[in-house]
Structures are given as C-alpha cells and as structure tokens.
Amino acid sequence: MTILVGYSPSPEGRAAVDFGIEQARAFDDTLIVLNAGIGETPDERGVATNSDMEELTQTLKSSGISHEILQFLRGNDPVEELLALAEATADTRMIVIGSRRRSPVGKLIMGSTAQRIILEAEVPVVSVKATKQ
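Mapping of the sequence shown onto this note's numbering: residues 1 to 133, in sequence order.
One or more of the hints may lead you astray.
As the list claims (entries may be wrong) - Each computed DMTMM-like pair below joins lysine to aspartate or glutamate, with the alpha-carbon atoms no more than 25 Å apart:
no.	residue 1	residue 2
1	Lys61	Glu40
2	Lys129	Asp28
3	Lys129	Glu68
4	Lys61	Glu22
5	Lys129	Glu22
6	Lys129	Asp29
7	Lys61	Asp28
8	Lys61	Asp91
9	Lys129	Glu55
10	Lys132	Glu22
11	Lys132	Asp77
12	Lys129	Asp52
13	Lys129	Glu54
14	Lys132	Glu55
15	Lys129	Asp43
16	Lys132	Asp28
17	Lys129	Glu81
18	Lys129	Glu44
Calculated from the structure, these hints are not laboratory results.
Use the sequences and the hints to build the structure in full.
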C-alpha cells in the first residue's frame, strides 16, 4: 500500500514526512511525498526549493523505506493536486499533512488547506503538528 504525504518546507511539513516514514516502516508501505504549488514565483510559499528537495531526498534515502518524491508546479491548486494523486493511486492507505495552529479569524480570511483535504479526501487523513521548539 501507499502512504501519501503533502509536504511543504516548514516544521509542519517535516513533521508530516517524519510521521509518514514511521508509518511506512510500520506497515512496510511505499511513501510518496508530494510538494505542489501554483509555481508562478520562485519564492512561492509552500514550494520547496532545490535545497529543500535535496534535504528531503537525503532524509528519505537514509530512512531505508521505499519512496518517491514528486513536485508539481503546473498552475494547479496544491490541495487539488494532492487529492487527485490520492485518487489516482489506487492503494493509498492514508494522507499525512502537517498542520499549524490558526485563530478562527485566520481560518476565515485565509481558508484552511488542511480542512479542505480532510473534508474532501476519500481516504483517512492524519494531521500532524510540529513539535514545539
């Protein structure tokens, strides 16, 4: 089976990857890590840089699990990319996402990516918080 992780270069994204690695190891699953964004600017929030992707590659290689890393920068909404990949991957066990604390007003104004994924996904979604520093 497959565990799908929605990755952003942030403490929350790293927590999602770490949890995904643990789960893939426990279930002997394949881990697919997806970083997605509109791709209009090189410094778009949530889009991993080459350096971020290299660090992610090294983390996954050293974990010893079967994995794949994808980065979609093709003008689509990252939530839609993640949900479409989950649907296209017939054996998706779960989606893992990182989450951060937001005020109710912040959720109203900015929307909630995590909420959209949780409500629209056809498979279980695990939301992981980053550890406090």
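Hint-by-hint comparison with the structure:
{"no.": "1", "hint": "Lys61 / Glu40", "verdict": "violated, 30 Å"}
{"no.": "2", "hint": "Lys129 / Asp28", "verdict": "holds, 23 Å"}
{"no.": "3", "hint": "Lys129 / Glu68", "verdict": "holds, 23 Å"}
{"no.": "4", "hint": "Lys61 / Glu22", "verdict": "holds, 14 Å"}
{"no.": "5", "hint": "Lys129 / Glu22", "verdict": "holds, 15 Å"}
{"no.": "6", "hint": "Lys129 / Asp29", "verdict": "holds, 22 Å"}
{"no.": "7", "hint": "Lys61 / Asp28", "verdict": "holds, 15 Å"}
{"no.": "8", "hint": "Lys61 / Asp91", "verdict": "holds, 22 Å"}
{"no.": "9", "hint": "Lys129 / Glu55", "verdict": "holds, 20 Å"}
{"no.": "10", "hint": "Lys132 / Glu22", "verdict": "holds, 19 Å"}
{"no.": "11", "hint": "Lys132 / Asp77", "verdict": "violated, 29 Å"}
{"no.": "12", "hint": "Lys129 / Asp52", "verdict": "holds, 19 Å"}
{"no.": "13", "hint": "Lys129 / Glu54", "verdict": "holds, 23 Å"}
{"no.": "14", "hint": "Lys132 / Glu55", "verdict": "holds, 21 Å"}
{"no.": "15", "hint": "Lys129 / Asp43", "verdict": "holds, 24 Å"}
{"no.": "16", "hint": "Lys132 / Asp28", "verdict": "violated, 29 Å"}
{"no.": "17", "hint": "Lys129 / Glu81", "verdict": "holds, 22 Å"}
{"no.": "18", "hint": "Lys129 / Glu44", "verdict": "holds, 22 Å"}
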